[in-house]
Amino acid sequence: MLSLAAVVLLLLLGLDRQFGILGPRGQLLDHLAILPQWKFFGQSQIGSDPHCFDDLCLLARISPGEGKAGSWQEVLWWEDRPITHTFWNPLLRSRGAVGEAMANLTITESNDEQQVLPTALTYLTVLRQCLDCLPTDDGMAIQFAIAATRGRENRLVSLRFLSAWHTP
Amino acid sequence: MSPNFLLLRATCVLLGFWGLINAAQWFADLRQWSDGRALGWDLQRLRRGRLYRANFSRCLYNSTGLSILAGIQIITSVALMVTPFSVATIALLGCFAVATLLLALRGGPDGADKMAMVVATGALLQSFGVSFGEQRLVLAGVLWAGGQLTLAYFASGASKLLLAPWRQGDALEAVFSSYMWGHRCMAAIVRDRGTAKLLAWLVMLPELTFPLALLVPFNWLCAILALFFLFHMAIAVIMGLNHYPWAFLAAYPSVLLLGQWLRSALNLN
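One line per chain: the protein sequences are S and Y, in this order. FYI, in the working numbering the residues of the first sequence are 5 to 172. FYI, in the working numbering the residues of the second sequence are 3 to 271.
Possibly wrong hints are sitting among the right ones.
[Stated by the list, open to error] Facing chain Y, from chain S, some residues (calculated, C-beta under 10 Å): (1) 95; (2) 130; (3) 144.
[Said to hold, decoys possible] Have a look at the derived ranges for each label pair, beta carbon to beta carbon: (4) Y:229 to S:168: 34 to 40 Å; (5) Y:12 to S:168: 51 to 57 Å; (6) S:12 to Y:222: 23 to 29 Å; (7) Y:136 to S:112: 33 to 39 Å; (8) S:108 to Y:207: 39 to 45 Å; (9) Y:222 to S:87: 46 to 52 Å; (10) S:161 to Y:224: 37 to 43 Å; (11) S:104 to Y:4: 28 to 34 Å.
[To be verified] Here's a subset of chain Y near chain S, in silico, CB distances under 8 Å, partners left out: (12) 49; (13) 103; (14) 135; (15) 139; (16) 162; (17) 169; (18) 173; (19) 176; (20) 195.
If you are wondering where the hints come from, they were derived from the structure by calculation, not from laboratory data. Just so you know, even glycine gets a beta-carbon here, dropped at the ideal spot from N, CA and C.
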């Protein structure tokens, strides 16, 4: 009887949790699937942020030194989805995690004038992604940018974030 | 054989199928999660939280630890699919649930991970109940998995309904027109604002009213669940969320049992 009562209690608490914003403790219970929150594209920020479904692309460029800068290269971008992704999509998780870091960076650093703390985890995650894809030699520097596009026709590209130059 | 037992067996097979896909995808993308890479644990352990700072997590979440976790998930998944039900199934479900939880915490759990953990916990309770003749434990397991699936559909529909961009079809149009979550065919379909709005309501209303489906006769409930599975498959095609259908399908046997018990309790049969 105790197990049944516990399950009923958890389901009632779970119903209560669905429509609030979770604090750190609530998030832990959500991640442990004890009181999971089920939204599926119904997150409250959709109501206030018209850009939340924009495609974010990660670009990077390398400077060989002496104040020169190379051309921008795509590091993480989105293309038409192949039908094979219905059954096999191994990059879903990692691309999603880096994409989330990019999105967080554009949200937390939306003020262009604000200097980014280079210790921020999201910043380092995105920077590492660039270094993974565009290896640099000694003395070279790398800079990354996050650009956004919307829809599939007449796509306008807007710059959301521009990093400082980094020497690995 | 009792329907309880047959549906528990079906749950184990479906859960095993989800686990196989999940673990295989972890193996295929392991390089991205290894130390020195963007998602390596040497960097990601700086996240706030005790789990991330704990010393054992460094062994657990480096590439060797992740390979072992994914390996455990594959072995337990295959065993859940092919071995007949016995007391050992309890141990298999326990190992499966722990491996799923640890992998999910590493990547940041998505809806499919959470549903798989819910179903695994529910199946664990049911297995205890079946093995030791405790009907209440079986009921608790069914109520947990079936109740969470019902809650998931209801909450998903209700949270969308509360948002104006969803009610007007704008959110659906934006999702399907994006490259990250959309598809070129769906982008062409939702270009018409009226169609986008209609499709948005065709997603929200069935989700919102799903709890009522528990009260319809068994065959009707089967048909409704089949439609929801097709919906998940459509999402897999359009959005590439390929492991969602199987995690949710694994909860359907519990929903079928829950529906039957509810109808009996309310004298609707």
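Results of checking the hints against the structure:
1. 95: holds, 6 Å
2. 130: Cβ of residue 130 (chain S) sits 7 Å from chain Y, so the hint holds.
3. 144: violated, 18 Å
4. Y:229 to S:168: 34 to 40 Å: violated, 52 Å
5. Y:12 to S:168: 51 to 57 Å: holds, 55 Å
6. S:12 to Y:222: 23 to 29 Å: About 26 Å separates the Cβ atoms of residue 12 (chain S) and residue 222 (chain Y), which means 23 to 29 Å holds.
7. Y:136 to S:112: 33 to 39 Å: violated, 50 Å
8. S:108 to Y:207: 39 to 45 Å: Distance hint for residue 108 (chain S), residue 207 (chain Y) is violated at roughly 33 Å.
9. Y:222 to S:87: 46 to 52 Å: With a Cβ separation near 32 Å, residue 222 (chain Y) and residue 87 (chain S) fall outside 46 to 52 Å, so the hint is violated.
10. S:161 to Y:224: 37 to 43 Å: violated, 48 Å
11. S:104 to Y:4: 28 to 34 Å: violated, 45 Å
12. 49: Given a least distance of 6 Å, the restraint on residue 49 (chain Y) holds.
13. 103: holds, 7 Å
14. 135: Violated - the Cβ of residue 135 (chain Y) stays beyond 8 Å from chain S, reaching only about 14 Å at its closest.
15. 139: Holds: closest Cβ of chain S sits about 6 Å from residue 139 (chain Y), inside 8 Å.
16. 162: Result: holds, 4 Å to nearest chain S Cβ.
17. 169: Where the cut-off is 8 Å and the nearest Cβ of chain S is about 10 Å from residue 169 (chain Y), the hint is violated.
18. 173: holds, 6 Å
19. 176: Status holds, d = 4 Å.
20. 195: Status violated, d = 13 Å.
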